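The numbering of the sequence shown is our numbering, which starts it at 344 and goes up by one.
Warning: the hint list may mix true and false statements.
Listed below are the simulated DMTMM-like cross-link pairs for lysine to aspartate or glutamate, each with C-alpha atoms no more than 20 Å apart in a straight line [unchecked claim]: (1) K422 x E360; (2) K569 x E591; (3) K510 x D542.
Pairwise CB distance ranges (calculated) [what the hints assert, rightly or not]: (4) E496 x V406: 43 to 49 Å; (5) R521 x Y398: 45 to 51 Å; (6) P428 x Y516: 17 to 23 Å; (7) V400 x A565: 33 to 39 Å; (8) D493 x G594: 33 to 39 Å; (9) L349 x G594: 55 to 61 Å; (10) V508 x R368: 15 to 21 Å; (11) P428 x L392: 20 to 26 Å; (12) N541 x A425: 42 to 48 Å; (13) L418 x D362: 35 to 41 Å; (14) E417 x Q380: 20 to 26 Å; (15) R387 x P428: 18 to 24 Å.
Derived from the structure by calculation, the hints contain no laboratory data. Here the structure is a predicted model, which means the values were calculated and not measured. Note that CB positions come from ideal geometry on N, CA and C, so glycine has one too.
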Amino acid sequence: MPETTLKTPEIARLDFETDLGAGARARIGLLVLESDQTMEWEMRQMADLPGVALYHVRLANEVEVTPDTLVQMELEVPKAAALLPSYLGLKAIGYGCTSGSTIIGEQRVSELIQSHHPTVLTSNPLTAAKAALKALGITRLGLVTPYRPDVTELMQARFEETGIVIKSVGSFYQQDDRVVGRITPNAILEAALAVGRNDLVDGIFISCTSLRAAGIVGQAEAALGKPVTASNHALAWHLLRLAGIRDEIGGFGRLFRTQLSDQEI
344 MPETTLKTPE IARLDFETDL GAGARARIGL LVLESDQTME WEMRQMADLP GVALYHVRLA
404 NEVEVTPDTL VQMELEVPKA AALLPSYLGL KAIGYGCTSG STIIGEQRVS ELIQSHHPTV
464 LTSNPLTAAK AALKALGITR LGLVTPYRPD VTELMQARFE ETGIVIKSVG SFYQQDDRVV
524 GRITPNAILE AALAVGRNDL VDGIFISCTS LRAAGIVGQA EAALGKPVTA SNHALAWHLL
584 RLAGIRDEIG GFGRLFRTQL SDQEI
């Protein structure tokens, strides 16, 4: 039988049109730690808004959280920032490490990001937390961390430098980020309640982007009658507000019904 030759169809040229693409209202960049198990998942939930898009880059880090390993990330931040292309037109970029921001310094983190994105607004969980505490009127803070004592103490000092007094503090005494990402939301809730029941405390901050804390904020606030925020929680809110998104979002407590003053942008 003779072989049949199949004729390849001519490729038709198709018409198309373009729009502003994903994130037409706001595109936000995130620098996420290599070891982080939680940040991207929580941030997607809190920024699930029409016209808002998140763009993630992972940066190298050690899983052991110590002052020495945290300061090493100063070299990695600009490398990661460079991988976010300028043509995205990002409105804000966040660095996702509370303890790293504490050790490297908030201003230095911003400078490192802006070395590649000079006109883009930046944040990190420590800066975002301070903005959130101010917006919520919290001055006597209950602090929950997963860190070993020396890292927790350095973080306390950074808050107190801005006039926020730490009245109650508790830690899981854990420096392995692989373990921190698996601490249960219920354990985090119980920790927030234990620290927040102190009568001298008028609000709670739960530190660390690896902790699954955003989902328990509403429960903690209902139980304590006090405002509560956390690293990813504060950072998502701050980045959205910096990017011009003023939507009030249900399900994440008082902060997401709160605006950032124009003077803070």
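Going through the hints against the structure:
1. K422 x E360: 35 Å, violated
2. K569 x E591: 19 Å, holds
3. K510 x D542: Holds, because 9 Å separates the two Cα atoms, which is no more than 20 Å.
4. E496 x V406: 43 to 49 Å: Since E496 and V406 have Cβ atoms about 21 Å apart, the given range 43 to 49 Å is violated.
5. R521 x Y398: 45 to 51 Å: Cβ of R521 to Cβ of Y398: about 25 Å, so the range 45 to 51 Å is violated.
6. P428 x Y516: 17 to 23 Å: Hint violated: Cβ distance 41 Å, outside 17 to 23 Å.
7. V400 x A565: 33 to 39 Å: 36 Å, holds
8. D493 x G594: 33 to 39 Å: 35 Å, holds
9. L349 x G594: 55 to 61 Å: 56 Å, holds
10. V508 x R368: 15 to 21 Å: For R368 against V508, whose Cβ atoms are near 38 Å apart, the range 15 to 21 Å is violated.
11. P428 x L392: 20 to 26 Å: The hinted range 20 to 26 Å holds for P428 and L392, with Cβ atoms some 22 Å apart.
12. N541 x A425: 42 to 48 Å: For N541 and A425 the Cβ distance comes to about 44 Å; the hint holds.
13. L418 x D362: 35 to 41 Å: For D362 against L418, whose Cβ atoms are near 39 Å apart, the range 35 to 41 Å holds.
14. E417 x Q380: 20 to 26 Å: 23 Å, holds
15. R387 x P428: 18 to 24 Å: 20 Å, holds
Taken one by one, the earlier hints fail for this structure at numbers 1, 4, 5, 6 and 10, listed in ascending order.
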